[in-house]
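> Assemble the complex: chain B is given as a structure, and chain Z must be docked to it using the hints.
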Amino acid sequence: MRKSTADILAGVSFLVIAFIFLVQFDGEEGISRIFPLGLISFIALGGIWCVAKGIWRRKTEQPAAFSSENKTGWKRVGIIAGLSILYGIAIPILGFFTSTGIFLFTAFYALNTQISNVTVRVGRGLTFAILFSLAIWVSFVKLLNVPTPAGFLF
Amino acid sequence: MGVAVNEFILPSFLNLLDPLNIFLMIAGLAGGIVVGALPGLTATMGVALMVPVTFSMDPTNGLVMLGAIYVGAIYGGANSAILVCTPGTPSSVATTFDGWPLCQSGRADEGLYTSLLSSSFGGIIGSFFLLFLAAPLAEGALNFGASENFWLCLFGLSTIAVMSADNMGKGLVSGAVGMLVSTVGLDPNSGIPRFTFGIYEMVQGVAVIPCMIGLFSFSQVLFLIGSQRQHIAEYHPRKGTFGMIFRYLATKCKVVLMRSSIMGTLIGILPGAGGEIASIICYNESKRWDKDPARYGKGCIEGVASSESANNAVIGGSMIPMLTLGIPGSAVAAVLMGALLAHGLQPGFKIFTATGELTYTFIASQFAVNLLMIPVGFLLCKCMARLLNLELSIVAIAIVVLAYIGAYAISNSMVDLWMVVLFGVIGFLGAMVGWDAGAMALGVILGPMIEENLGSCLQLAQAADGGLMTVMAGGYINKGLIFALILSLLTPFLLKWKNARKNKTCDKGATNA
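If you're matching them up, the sequences are chains B and Z in order. Counting along the first sequence from 1, when you hit position 135 you're at 174 in my numbering, and nothing is skipped either side. Counting along the second sequence from 1, when you hit position 359 you're at 369 in my numbering, and nothing is skipped either side.
The shape of chain B in the complex, shown without the other chains (with noise of 0.2 angstroms):
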């Protein structure tokens, strides 16, 4: 991403943000408004500051100016946090052990695609899932005593 690119998102997100939070800015009177208040208005300040100085770079920013980041493998990042919002509205359903075991083995099944052979890629997959959630288990539930979110299923 160039970096001028960079300056106007940060800017959007942080007047975007302010704008959100102004909305919601209701009912407050006195003292209670000065801090929330003050943090907004420094926000959309500083997302201004920050679309005005993109722009600004842009015009003189060289083509090539591009940031040196490694390229990022968004479909990986995609499955990764999609299933991680699928584990979390199946837990209150199904329970958080059946969920666990779930999202473990579709988990590892999707994203170790370099195993090309499925048969060992379902066993690896379901031994982790098995082993993990197990491990969980004894180690959260019996020994530490740490509540799991309840559902129908365990």
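Accuracy of the hints is not assured; some may be wrong.
A few chain B positions that, by computed beta-carbon distances, are all more than 12 angstroms from chain Z [said to hold, decoys possible]:
#1 ILE94
#2 ARG97
#3 LYS98
#4 GLU100
#5 GLN101
#6 SER155
#7 ASN156
#8 VAL157
#9 THR158
#10 VAL161
#11 GLY162
#12 PHE191
#13 PHE193
Cβ pair distances, simulated, as ranges [what the hints assert, rightly or not]:
#14 Z:TRP299 - B:LEU84: 29 to 35 angstroms
#15 Z:THR251 - B:TRP113: 36 to 42 angstroms
#16 B:VAL157 - Z:PHE256: 48 to 54 angstroms
#17 Z:ALA304 - B:ASP65: 42 to 48 angstroms
Bear in mind the hints are in silico, worked out from the structure with no lab data behind them. Beta carbons are placed, not taken as given, at the ideal position from N, Cα and C, and that holds for glycine.
Okay, now just chain Z, sitting in the frame of chain B:
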């Protein structure tokens, strides 16, 4: 003092030679380190979980074990901060700044040993203050009111200026976003819900730990998965690293360690100012006073040493007001105080005489625990470092599960779990456009304290004769903190000016030659 030494201090150290006490210290330390290393499971939770277990024990044994869990958990947070860029406890946020770069450059063992030895050193200094200077320091802490705490938090926040010196604008705005996020929930001044976005559960506010897990842990999962690497980082443990780090800390970091430990203890004494604030402030100070501050944030041993010595020194500090005044300096100290009361100990200055032997045994155990932490932590961090040899996809998937369970465990709320996802995505996308996750985390941590103390000051100013200036800038502590804050904010500019002057001199020299 002589009477106390003969009557209580010497017998208390002898009590520690009891094999059961030694076993409980080792078990407590190991348990604490594991709890601390798991994101979401805090020192407070670890100690609170074990308090009921101690009811069946002798008070001495029970308190010794709880103290060991506290120490272990605060140190344990550094392991995950260094190995997977996920602070196990909020106290280890500053450890990620240099610990994670060390890990990425294949020097994870150096980071782990630095955190272990520095934590031990900081803990011993904190215990020393607790043993010998508790009474005068506790009286001094009473001079800290709302305005002093406000300036102290702002001083902590000024770290952003030093931390994101290359991108100060975005860093400061990121910090402000963090503070704005911390305003979600009940207004501390009026008690009215605000910024809840129509979601009832948001009235409880955005909890710090799920937010930290999201910003540092979940976002890191997305980065790692997107990086297409096979392992989190290259890990090549070398023989003699422990000795090398020990010598380095003993020779080149002694000032950093001593300064951070003393500052950590003093900050720990202040109620509400815990390890997270201490480690951030001490990291900032170490960077500021270093001859080459540019190396911080790139895998600098001193960075890890300052943060870790400070957060473990806080333990001794937080116990000073707890034991002498009955005011806990941190959440864990509050839980420990509950355990003290349950075991029949009444905090107050008389605690050192009426139940002297038990109190001094507890304090002495803190010295022993910090020394025992070196072998126990050494073995455990060697096991934890093996994480780096696992396939990256396995570690990343496991982190998601641990992040969810840790976030849920804070208050048994699914909202916390969604906060992890939300802040994870914000951290991931934000980093691409230059947001500073560290600055945002600072804002989330310090925001509530700043707002609460500012509100108190404004209310006081309405009643005070001299108005706001008298309340905010009156007294030598306020003046000192304001001076330190200005100095902190000016530091990046002073350093730039110094470097420019240095370069100019070099250029002149080269031209003349």
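> The structure should be examined with respect to each hint, and the outcome stated for every one.
Here's how the hints hold up against the structure:
{"no.": "1", "hint": "ILE94", "in the structure": "holds (15 angstroms)"}
{"no.": "2", "hint": "ARG97", "in the structure": "holds (14 angstroms)"}
{"no.": "3", "hint": "LYS98", "in the structure": "holds (18 angstroms)"}
{"no.": "4", "hint": "GLU100", "in the structure": "holds (15 angstroms)"}
{"no.": "5", "hint": "GLN101", "in the structure": "holds (19 angstroms)"}
{"no.": "6", "hint": "SER155", "in the structure": "holds (15 angstroms)"}
{"no.": "7", "hint": "ASN156", "in the structure": "holds (16 angstroms)"}
{"no.": "8", "hint": "VAL157", "in the structure": "holds (17 angstroms)"}
{"no.": "9", "hint": "THR158", "in the structure": "holds (18 angstroms)"}
{"no.": "10", "hint": "VAL161", "in the structure": "holds (15 angstroms)"}
{"no.": "11", "hint": "GLY162", "in the structure": "holds (14 angstroms)"}
{"no.": "12", "hint": "PHE191", "in the structure": "holds (15 angstroms)"}
{"no.": "13", "hint": "PHE193", "in the structure": "holds (15 angstroms)"}
{"no.": "14", "hint": "Z:TRP299 - B:LEU84: 29 to 35 angstroms", "in the structure": "holds (32 angstroms)"}
{"no.": "15", "hint": "Z:THR251 - B:TRP113: 36 to 42 angstroms", "in the structure": "holds (38 angstroms)"}
{"no.": "16", "hint": "B:VAL157 - Z:PHE256: 48 to 54 angstroms", "in the structure": "holds (51 angstroms)"}
{"no.": "17", "hint": "Z:ALA304 - B:ASP65: 42 to 48 angstroms", "in the structure": "holds (45 angstroms)"}
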